[in-house]
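Participant: Chains as they are written, first to last, in numbering that gives the first Met the number 0: chain A, 0 to 403; chain B, 0 to 369.
If you're looking for bench data, these hints aren't it; they were derived computationally from the structure.
Bear in mind the structure is a predicted one, so any value in this text is a computation, not a measurement.
There's no promise every hint is true.
[Unchecked claim] Computed list of chain A residues with no C-beta within reach of chain B, every gap over 12 Å:
#, residue
1, W18
2, K23
3, Q304
[What the hints assert, rightly or not] Chain B is faced by these chain A residues, among others (derived, beta-carbon under 7 Å):
#, residue
4, V158
5, T295
6, R373
Glycine is no exception: its CB is placed at the ideal position from the N, C-alpha and C atoms.
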Amino acid sequence: MDLNDTPEQVHYRAKVRAWLHEHKDEAPAAQGEDDAAYVQARRAWQGKLATAGLAGVTWPVELGGQGLGPIEHVIVGQEIVRAGVPDILDVIGVGMLGPTIIAHGSAEQKNRYLGPMLHGDEVWCQLFSEPAAGSDLAAVQARAVLQDDGSWRLSGQKVWTTNAHFAAHGLLLARTDADVPKHKGLTMFIVPMDAAGITIRGLRQISGEAEFNEVFFDDVRLDADAVVGGVGNGWGTALTTLMFERLTIGLGSESLGYQAERYAAAIATDEHARLDPEVRRRLGELCVQLLAVKFTGYRMLSALQQGQIPGPEAGLAKVTTVRAAIDAGDLIADVLGPDALDAESEWAYMISFLPGLKSAGGTEEILRNTIGERVLGLPPEPRLDKGIPFSELRAKERAGVAAT
Amino acid sequence: MNLELTDEQSFLRDAAREALSRVKTVAAAREALEDPAALPDLWPTAREAGWAGLLVSEDNGGAGLSAFEAMLVMAEAGRVLAGIELLGHLPASSLLDAAGDSRVAAVAEGDLRACFVAAQPPGDLERRWTVEPPSGSVRVDAPVLASDGTLRGRVAWVPDAPGADVFVVVATSADGEPVAVAVDADDVSVERAVRYDATRSLGHVSFEGAAGVLLEGVGAPELARAWFLAQSLLAAESLGAVETALAVSVAYAKERFTFGRAIGSYQAVKHSLVEVLRLRENTYALLLYAGWAYMDKPDEFALAASAARSSAGHALDYASRAMISVHGGIGATWEHDAPLFFRRAQLSRRLLGGVGDATDRVASELLSAA
Ligand SMILES: Cc1cc2nc3c(=O)[nH]c(=O)nc-3n(C[C@H](O)[C@H](O)[C@H](O)COP(=O)(O)OP(=O)(O)OC[C@H]3O[C@@H](n4cnc5c(N)ncnc54)[C@H](O)[C@@H]3O)c2cc1C
Chain A
0 MDLNDTPEQV HYRAKVRAWL HEHKDEAPAA QGEDDAAYVQ ARRAWQGKLA
50 TAGLAGVTWP VELGGQGLGP IEHVIVGQEI VRAGVPDILD VIGVGMLGPT
100 IIAHGSAEQK NRYLGPMLHG DEVWCQLFSE PAAGSDLAAV QARAVLQDDG
150 SWRLSGQKVW TTNAHFAAHG LLLARTDADV PKHKGLTMFI VPMDAAGITI
200 RGLRQISGEA EFNEVFFDDV RLDADAVVGG VGNGWGTALT TLMFERLTIG
250 LGSESLGYQA ERYAAAIATD EHARLDPEVR RRLGELCVQL LAVKFTGYRM
300 LSALQQGQIP GPEAGLAKVT TVRAAIDAGD LIADVLGPDA LDAESEWAYM
350 ISFLPGLKSA GGTEEILRNT IGERVLGLPP EPRLDKGIPF SELRAKERAG
400 VAAT
Chain B
0 MNLELTDEQS FLRDAAREAL SRVKTVAAAR EALEDPAALP DLWPTAREAG
50 WAGLLVSEDN GGAGLSAFEA MLVMAEAGRV LAGIELLGHL PASSLLDAAG
100 DSRVAAVAEG DLRACFVAAQ PPGDLERRWT VEPPSGSVRV DAPVLASDGT
150 LRGRVAWVPD APGADVFVVV ATSADGEPVA VAVDADDVSV ERAVRYDATR
200 SLGHVSFEGA AGVLLEGVGA PELARAWFLA QSLLAAESLG AVETALAVSV
250 AYAKERFTFG RAIGSYQAVK HSLVEVLRLR ENTYALLLYA GWAYMDKPDE
300 FALAASAARS SAGHALDYAS RAMISVHGGI GATWEHDAPL FFRRAQLSRR
350 LLGGVGDATD RVASELLSAA
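Okay, chain B solo, but in the shape it has when bound (with noise of 0.2 Å):
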């Protein structure tokens, strides 16, 4: 056994904070609330660094590495709250890797940018493939593959799907099958959904009579490793930013007296803190479990990628409001860097099915196998 980080997977981490560091993505976030145009544009940082073919075989011209590399790169964006299109872009790459699609390569160099409009695979309870409705709790059926070709259907809330070049979007097929299909941004019909957190790029996407191809080779089992590796992904990309919210918090801890003390000092502030190391350790060991069950536990990978997503979820909810509270006054000013971490949470937290649907999941694989 052996759990640590190899000398590649830290050179991976290590390069990705360096190439981060080299544009002030907190700042960003900040003036991107007020004015979009703000936010950097990462993508050719991501094309630079390999990112965009991390999860593509090397065969077809990417890097053959593992989801858990790729949380490692999401857990960096993360750290810095920086809008790179990865959540959109890796799930999307690693399907058009499996049918071994004509734009795979170029997907791969990062000259198409791809993303996956996601389906939530079945559970116990709900037996269809469903998507994100516009607004309420009511989730509404994959888009619809007629046997002419033609896609129709709407999907609310996808991650990354501004400016994509082509979409990778889970359907079903006449016949009740799921199936993927590829589909050129021409066909596609987006509607910019950037709301709470300016850093985090949404769309309302539509297909009417799109002309989509089957990705070959691609069934449920691949689709719903896509949609749970997608739950990873946002789960690593939280992970980081409950770092910073730690880190952040502590330090000010130690420098901020009242009472001649520092507040670190007194319990209800350093239990608090404690408790956010608690659910980042819980959130990190899960992170593990998911990158392991990637790649050797097929059959955990439901249970492991949710339980990752509904931990870390939580964690950043928990991690974002401390800070807040830590810094007292100055925590809720629009000034400081806790209200955007606090943005990013309430944001993250409620897509791609949010973290109540991977909590029953968790719920769902263990009654399942009992």
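Isolated chain A, as found in the complex (with noise of 0.2 Å):
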């Protein structure tokens, strides 16, 4: 068992460590006003930290990366913790998408499109959800129809996009054939995001921000290649996505701030609290989680450097970290009132985050029912939709509703 770093990665880290000392002071506040010129901001940091060699750790060199490990990539994320500076802005597609093109990607697109995601100068949106298909992705109805000259209409509607209205592009699920059973038809498109026929509109959270949006599609015309991973293998490039999504998620718990010491940090600081032995077993039962969270992403770290690619199971720390957070969240407005719940608090960002953080990348059920079947071997449930047609299942989804 060995956790500390090897002499390379005492010297990465000890490298990382000075570039960011350095460059510290070109850096945006790490939490921003949700405006134009703050995404600006954090845009051309992502640039800086990119021509460091800090974005994009684990891409190919020949892609613009670092070709290094996991490990690497966490240190990284931990001296920029340390630092006290942002990450860069565009995780979605630096850790997810763009993954998922290096994957399926032809060389054209990985030319044209890795180099811009990856300096922040174009961001890129995931365009998978929609009203009718969010646990249940391969029931999305975006429709693309092929064209003669061999271009792609596109019609439908994206929702919950994260970013939309600053990105550049988007990867798009949609249906190409609705006459197979409805993981078969389905194609993964790039998207231009100012094309003509998009409408993006803001949504706003609990917390009153807009991070995600709604996206409109009407007859939107994509070139012959913005396809990625051939035409009716949609569903095996988005699970590509999920893999990475799962894995950004379980790597990224310490980025995000989630961590035990913060919140006794927030707990010590009341001399009545801290001696209280209610407040005192909350906030043990939940740092027990957190620090369990940290240590199982090391195991997946360690995993993952013995070239294993980590299985469902590590949702579960997606699980564990989220309620986790919510429990903190809990006491710490149990212990400072009202004042907690103020949009300048440190903390209402976050209690307002996190009861969508638990449908974020797949709700806290279908991450049970997946580890369930595929860890516990446990039967599935019955499924209604199995082996039919997309039209038809459609059609039956209708008259089920007007039935009732």
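The task is to assemble the complex, starting from two chains supplied on their own in separate frames and drawing on the hints.
Facilitator: Laid out in structure tokens, this is it:
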């Protein structure tokens, strides 16, 4: 068992730390106003991190990355937290969508898109969820129809799309064949967000900020080379993105700021609360969970380093993190009182954000289903949609709703 | 970074599993509830396997291994509810080793079985070294070593006290300093206190002017480390029991059908079993933390071991209750194994300060560092 940095890692960490120390005054605040100027500042900062080799650490060298391992990625994340500067802006692009393009995209797509993505010149968004397709993602209805000239026409709606309001491109899952079972007729596309026929509307969240959006597509033209990973292979391509989503969340809990030490520090300032047995029990219990997540992350790293890909059980770390952070927000608000809920408080945003985070990246119920089936080998629930062409399925659903 | 088991660690674990599989420990756990004599003596197994000297340095005749290896063996014992007296023996052996006591070679061999009479180290609220009371929630002072070298005091619910040959007692000296004292069995009165879980050997021990040998070179840091070592061993033992409870419950959930479906396909059942898995994964990760801190981050060992203990206690409580529920009526019957895991969970959670104190220690360590 060895959790210590190797001499090479010690050296790498020192190099990263030195760069951050030298440049941290150029960084914008870690949390900022929800406006264009702040986004611009964060994009510029991402560009600096990328130029210094502190973004896309695990991307291949020939695609602008550093060709390093997950450990180095985590070292960079830890040092960024330590320096008190923000990480890259486009975690969804660099962490999830870029790797999907690296795995499934054409050489042209890699050349055209990855560089600007890495440097924050072009921010990306994930156009997967729809009003009627979230947990049941393979039920997407956004329709792309092939034209005689090889181009596509796209119509439909996406929703909960984080960062769409300043994204240059999106990776979009669309239905290209409704006459086959639902997982089969899907295709992944790259969509320029400024194309004619796209309307983006911000959706405000519990906190009042609008970080996600609904996006409408009205007969949007996509070139033949917009397809990623082949026509009809959209589901497999989407699974790659979801795998990287698990990794990003699993290895990112430290940079999300959900840390035992931080919550303990908040309680420690209250001389009465820190002696209260009930407060201490609640703090102890949630910190046990967060410490467990931290070391689960190291286990995941260690497995990655041996060349294993983390399985669905990595999703348990997300469940634990979100639950423990919710408990922490609750405890801190109990101790600080209504002040904790004020917009100016350090905690209000977190308290408002967490209930939604329970759903983002797969809901707790869906994660428990998947893990129960794939890890424990428990039988799946009976399904009413197996092997049925998507068009028939939709007709049945409509009839079902009409009958009730 | 590498958190995979080394070949040596896998070998140790597999050998322990194999050695313990030769005895019907779970069936014995049930029989012993009515007839304590039915409990197999597993000490010869421990001796043969070299577990007695696991934490004793090679210079003193032991294997010179670390806490994590001891946890792996404890997990195997917990997996089959085997009552081996390692929870008492191992922390005691490490203190005798640190002091270079003359008995250490015999203890490492297993010729002498040692028993750790633990005291909980002070925290930010409780400034004394305290031990378990016979009943109630108020902890009592650790035994006192008088300046004439005699030991007085009483400690309740001491794991593995009955039948031990040498007791390593955490006491306070006349000037209030914590010390470790070795006392021969002849000078100790032990009242057997085996109760709800027959596999758990417990005793109330008292010292009435016993002649103790002060262990040299063992002070507060070593005594605290021994306490937290015991916490992590108990946590590891619970982890093993959680793994069995989960495996048995999952197997049943696949084969029991209601309404034309396997019960494991129902979300209420599936999600509760995934909850057991979640608690298991958390506990395992914290045992890695404890094992690592024991070796490389001594300042964090109290935090890591307490977190592991807290997590494990909760995990086994939940897992044993889920095991009962998933089995329906069968799960609540004497003949089934589920009640044995439940008994193990309920008694273990209340030993050595209990899970509540471990959870409070996590808060205490983090608040003090803030
Ligand atoms: C903050 C935030 C950011 C997001 N960002 C993005 C983004 O950038 N891009 C994107 O594509 N999506 C994004 N999402 C969408 C997210 O992936 C979905 O919200 C999520 O997958 C759930 O889908 P849904 O909202 O349609 O809920 P539904 O699938 O309708 O679920 C509703 C409820 O039913 C439960 N449920 C559904 N099916 C089952 C079942 N089989 N068993 C048990 N319970 C079930 C769910 O657990 C949930 O409680 C974001 C969401 C949030 C909250």
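Participant: Please settle this one: Q304/A was flagged as non-interface, so is its CB more than 12 Å from every CB on chain B?
Facilitator: violated, 7 Å
Participant: Does the interface hint hold: is V158/A within less than 7 Å of chain B, judged Cβ to Cβ?
Facilitator: violated, 25 Å
Participant: Per the stated criterion, does the least C-beta distance between W18/A and chain B lie above 12 Å, as a non-interface residue requires?
Facilitator: holds, 22 Å
Participant: Hey, does the T295/A contact hint survive, CB to chain B under 7 Å?
Facilitator: holds, 4 Å
Participant: Hey, does K23/A actually stay past 12 Å from chain B on C-beta?
Facilitator: About 24 Å separates K23/A from the closest Cβ of chain B, which puts it past 12 Å; holds.
Participant: Holds or violated: is the Cβ of R373/A closer than 7 Å to a Cβ in chain B?
Facilitator: The hint is violated - R373/A has no Cβ within 7 Å of chain B, the shortest such distance being about 11 Å.
In this structure, the hints that do not hold are numbers 3, 4, 6, in rising order.
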